[in-house]
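Place chain B on chain A using the hints.
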Amino acid sequence: MCNCSCTGEPALSEKDRRLVELLNKYRTVPGVLIPVLQEAQEIYGYLPAEVLQKVARELQIPLAKVYGVVTFYSQFHLKPRGRNIIRVCLGTACHVRGGDKIFAALQKELAVDDGETTTDLRFTLESVACIGACGLAPVIMINHDTHGRLTPEKLTGILAKYE
Amino acid sequence: MMQDRTKNKTVKTVMTKQVEMDTKKKQLVTLTIDGLEVTVPEGTTVLEAAQKVGISIPTLCHDPELSNPGSCRLCVVEIELNGRKMRNLPPSCVTTVSGGMVVQTQTEAVRKTRKTILELLLANHPKDCLRCERTGNCRLQSYAYEYGADFPLSGSALDGVRQNYAFDDSNPFILRDMNKCILCGKCVRACGEVQGRFVLDYAHRGFVTRVVPEMDRELRDTACVYCGSCVSVCPTGAIIEKNKVGKGRAWDIRKVRTTCPYCGTGCNFDLEIARRSDSKGQMRDEVIGVASSIDAPVNGRALCVKGRFGMDFIHHRDRLTTPMIKKDGQFVEASWEEALTLAAARLQGIRAEYGGDAFGVLASAKATNEENYLLNRFARAVLGTNNIDHCARLCHSSTVAGLAASFGSGAMTNPIEDIAKTDFMLVIGSNTTESHPVLALSMLRAIRQGTPCVVIDPRKTELAALAYKHLPLKPGSDLALLNAMAHVIITERLYKEDFIKTHTEGFETLCEAVAETTPEWAESICGIEADLIRDTARRYAGAKRGSIYYTMGVTQKHTGTHNVMAIANLALLTGHIGREGTGVNPLRGQNNVQGACDMGALPNVFPGYQPVTDASVREKFARTWAVKVDALSERPGLTVGEMLQGAHEGRLKSMLIMGENPVISDPDSQHVIDALEQLDFLIVIDIYLTDTARYADVIFPACSFAEKEGTFTNTERRVQRVRRGIQPVGDSRPDWQIIGDLAAAMGQDFPYTDPASIMDEIAMTTPSYGGYSHKRLDREGPLCWPCPAEEHPGTPRLHTNGFVRGKGKFHAVPYLPPAEQPDDEYPLILSTGRRLFHYHTGTMSRRSGLEEVYPEEHLEIHPDDAGALGLKDHDWIRLSTRRGAIEIPVRTTDRIVAGMVFASFHFVEAMINKLTNAVTDPIAKIPELKVCACRIEKIDGPEGYVPPAHKRVLW
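First to last, the protein sequences are chains A and B. Under the working numbering, think of the first position of the first sequence as 215, with each following residue one higher. Under the working numbering, think of the first position of the second sequence as 637, with each following residue one higher.
These are computed hints drawn from the structure, not numbers from a lab. Just so it is clear, CB atoms sit at the ideal spot from N, CA and C, and this is done for glycine as well. Be a bit skeptical, because a hint or two may be false.
[As the list claims (entries may be wrong)] In silico DSBU-like pairs for lysine-lysine, Cα to Cα no more than 35 Å straight-line:
| no. | chain 1 | residue 1 | chain 2 | residue 2 |
| --- | --- | --- | --- | --- |
| 1 | B | Lys1443 | B | Lys1256 |
| 2 | B | Lys1411 | B | Lys891 |
| 3 | B | Lys1587 | A | Lys293 |
| 4 | A | Lys279 | B | Lys878 |
| 5 | B | Lys1105 | A | Lys239 |
| 6 | A | Lys279 | B | Lys751 |
| 7 | B | Lys1508 | A | Lys268 |
| 8 | A | Lys229 | A | Lys268 |
| 9 | B | Lys721 | B | Lys688 |
| 10 | B | Lys1110 | A | Lys268 |
| 11 | A | Lys268 | B | Lys1105 |
| 12 | B | Lys883 | B | Lys751 |
| 13 | B | Lys1587 | A | Lys279 |
| 14 | A | Lys239 | B | Lys1096 |
| 15 | A | Lys268 | B | Lys1574 |
| 16 | B | Lys748 | B | Lys688 |
| 17 | B | Lys1587 | A | Lys268 |
| 18 | B | Lys962 | B | Lys916 |
| 19 | B | Lys1508 | A | Lys293 |
| 20 | A | Lys279 | B | Lys1508 |
| 21 | B | Lys1096 | A | Lys229 |
| 22 | A | Lys279 | B | Lys880 |
| 23 | B | Lys1096 | A | Lys279 |
| 24 | A | Lys279 | B | Lys763 |
| 25 | A | Lys268 | B | Lys1096 |
| 26 | B | Lys662 | B | Lys1057 |
[What the hints assert, rightly or not] The calculated label-pair distances, taken between Cβ atoms and stated as ranges, are:
| no. | chain 1 | residue 1 | chain 2 | residue 2 | range |
| --- | --- | --- | --- | --- | --- |
| 27 | B | Thr845 | A | His309 | 21 to 31 Å |
| 28 | B | Ala802 | A | Tyr287 | 17 to 27 Å |
| 29 | A | Lys315 | B | Gln799 | 26 to 36 Å |
| 30 | B | Ile930 | A | Val243 | 36 to 46 Å |
| 31 | B | Asn704 | A | Tyr287 | 22 to 32 Å |
| 32 | B | Asp786 | A | Leu335 | 47 to 57 Å |
| 33 | B | Asn718 | A | Val243 | 38 to 48 Å |
| 34 | B | Gln742 | A | Gly349 | 56 to 66 Å |
| 35 | B | Tyr1104 | A | Tyr287 | 28 to 38 Å |
| 36 | B | Glu1427 | A | Val243 | 57 to 67 Å |
| 37 | A | Glu330 | B | Thr845 | 16 to 26 Å |
| 38 | A | Leu335 | B | His1586 | 31 to 41 Å |
Isolated chain A, as found in the complex (with noise of 0.2 Å):
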């Protein structure tokens, strides 16, 4: 939701009309506002706090109870995501196989936290328990892609793969 630089009024985008749509379908109809977040997010992104506070002023649900939805489920994201989602398998296979060095060789690589997205937004770094991939230990996915039997010297390679 920018604003438009001839009158300063907020300027309506291709994903906030199609947020528009979105409320006006649901805006009657209780117990929507999962959905609803989750396609707002579909449109966005993630759920920057103007969309917040839309869907609750449309939905007529407090702003702090959609908040709390929103920081509930792992799912929800409120800052911008990057273009190749990264997570990096901590479970107990990954754990023994040296997963923290992966993690650790990737944090330092892409200079971000557990959860952070790099400033040009390529690339977002989450851990996550289990993959269900715990022959290859240790394992990273990024977007739909398994990578395993990783060393910290195999990542450059592979981030290089990801634009």
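Okay, now just chain B, sitting in the frame of chain A:
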């Protein structure tokens, strides 16, 4: 001791009044708790049943005013039903009773479980009880004491991580330290369920779950209105009042129950007083804040920001502490004797030369009933004039006149509690959430529970935004709309024929008068669609218990009295009066404006609305006051506007003004100032050097409400006690004493020893107050008048058995446009009103932390009008009317109708009453403060102007 035990073991059945009432609908259930037999209605919880027989069960998340999540599990008990133990230990706050239950509240298993729960809470709780503000008043701490729970040893298995969340210290009132939060959620529920604000909620998950304001912002950046309900329910030191920090612990604090000095809702609270040293190192009793209490009759634990945090004015450095005499244009301090002697001599001189009617007296809607009664005696019996009036003239004089003519009594007909019982609310010209914030909570709750509410107001107020319908009429067109509603009710035969026949007169007159006032006609005047007017009329008439609430949007018009009569017409047509949940309810403004009217602070009536023209009444008062009958004038006196005009013309020579500030509050300020300057002698009794006191010749320093005994009468006619918490500040004296001293100096000794003795005389002379005494009010709590006798229970609802005047009277009240219409020169309409964070002329509220959150007034303007003038938010303008001009920044909002602008009158820097129109209603003499024509020009703001950061504007 033995005897006591036997008594406890005997079967004890508790039947409270409430239980008796409930039994009519509900089955009774008998169970045993710790060996005591208890009978309660079905649906009662085990916890409530235990409390009824005086058994206390610990709770952290439970609160009788809030919904019940049953989450803390501290209230667990053992229950046996039909000879079998219930599984686990059920929490008593969410377990309902059933017949034959055997409950044990203190078994070893129960105590052990409670201790473990407390230890788990302590495992993550900061170990700073030594310096925690809540120590001594902390539920967690006292339960830890009771159950022997301790902080787990450092390094032990139970010892947990302490959180390290940042404090929220962002605002002047509330300090939040979520490290001490035990997640009971009472603040979340109080904010939503009681206050209807929903600013707080749980956020995040697992161990880092915490209660946060919306979007995890600091409170000052949210919609919080600082009512402090969260503080009042917090069981630990997680949410505390900033103003009390470091000023005393629970055991240092003395509490005195009293009545709030701000609005007419009449909330009760406890003054919290600690012995502390003042700026000169002298020890004194100091009011460090207030605490709300669940047993307060009007408000429970709810208060608004003014009541909870607006008390700094009591000890403010600006308090007048000694009498002042003006010498050569400068005020110099004087002794009481000197000031009293001078004042008495001048008053006697003026009386001798010009007679009693050369005096004008302004009583005070802020002072107590006793003080107003006394000032009324002083004016009539000592000065010898009926020229006594007060600021009710500016707010509800049209109500007093209009409702007295229609029903026979000019007060709110139904109690505040009836808001919960109505099934249709019509709110006219009342910005209730800002002007009567705690009363508005009942309305908000009713709306949340589905009661349809229609708000008639040119501005989309908070209430209007939540209402079923908002009718944004053009300012000053109320009478057209109300007459059109009467037209609909009559032509569609929606009126109550039986009621009209038995209880009213003048129906034909009304029928004739509204024959032509069709909704279409009204639409052309007020801008509200005819069908919407029809719908509103039908809904009101069709309701079982329809009610009307209104304030100054109705009364402050030159047709104010007629507006009120038009409202009364609607109630008479539909029979929505004299029953629960109905009524015509003017919400009174000041804390004691109802009482000041009752106590004869009006020019035409003695206390209890007994006319000065009635010889028998004059005789009664002459006898009581030990003066000759002819000393009491039979001529009704002047209203405040007429007094000021009289002063202007030199007919009025002297005024005595007690606790009023007409320079800011009355219309056309320059005219007021000129009038005061014309006077030979002006006495002001006040707690501050107000803008009015500046023109005085003698100022007497009065006591604030915290320093005196007495009573206030709230908007629902409830007479409530005001109690002294501290000694008078400096050399100030309570107003009643000042009036007595002045009378004595003029040779009339008043016989009163204290305010209680004044109340005894009030009871003797004022029929509707006949049953009151301080003793009785202390014993039985507040009671609504009429309360004619000692054994009378008070009258919460008026007109239940017919009208006070015999029959309700319909009035033909034709529509008249506002006195000043917009034209080419002054194209906009200016309306005035109030803000949540300030009160009246700001003398009290602006000397408190409230000033920090609302330091400056702005003018509300519709974006269309702003666009046409090239204005954006925070631009400065010159606002002019035919009477003057002020400079003020603007704020655009689409919640005001185009063509109208709005500002409050709280700020001397933006003295809006320099601009308002002093034209008055011919009957009640109330000025038309709500509508005048104005003009706007853009100007440069003060050099280096920066809009105040974090100013709280409600929309």
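Agreement of lysine 1508 of chain B and lysine 268 of chain A with the hint, judged by alpha carbon distance not exceeding 35 Å: OK: lysine 1508 of chain B and lysine 268 of chain A at ~23 Å, within 35 Å.
May I ask you to test the hint 47 to 57 Å on the CB atoms belonging to aspartate 786 of chain B and leucine 335 of chain A? holds (51 Å)
Whether the CB-CB distance between leucine 335 of chain A and histidine 1586 of chain B falls inside 31 to 41 Å: Once the Cβ atoms are compared, 32 Å apart, the range 31 to 41 Å for histidine 1586 of chain B and leucine 335 of chain A holds.
Holds or violated: lysine 1411 of chain B to lysine 891 of chain B, with C-alpha atoms at most 35 Å apart: holds (19 Å)
Between lysine 1587 of chain B and lysine 293 of chain A, does the CA-CA distance stay at or below 35 Å? holds (28 Å)
For a C-alpha distance cap of 35 Å, please report whether lysine 268 of chain A and lysine 1096 of chain B respect it. holds (19 Å)
For the pair we were handed, lysine 1096 of chain B and lysine 279 of chain A, check the Cα-Cα distance against 35 Å. holds (25 Å)
Given pair status - lysine 1574 of chain B, lysine 268 of chain A, alpha carbons within 35 Å: Roughly 33 Å separates the two Cα atoms, so the pair holds.
Is it true that the C-beta distance of threonine 845 of chain B to histidine 309 of chain A lies inside 21 to 31 Å, as the hint says? 26 Å Cβ-Cβ, so the 21 to 31 Å window holds.
Okay, glutamine 742 of chain B versus glycine 349 of chain A on CB: inside 56 to 66 Å? Cβ of glutamine 742 of chain B to Cβ of glycine 349 of chain A: about 57 Å, so the range 56 to 66 Å holds.
Can the restraint linking lysine 229 of chain A and lysine 268 of chain A be considered satisfied, given a maximum Cα separation of 35 Å? holds (13 Å)
So if I understand the rule, the pair passes when the alpha-carbon distance is 35 Å or less; does lysine 279 of chain A with lysine 880 of chain B pass? holds (30 Å)
In summary, this structure violates none of the numbered hints.
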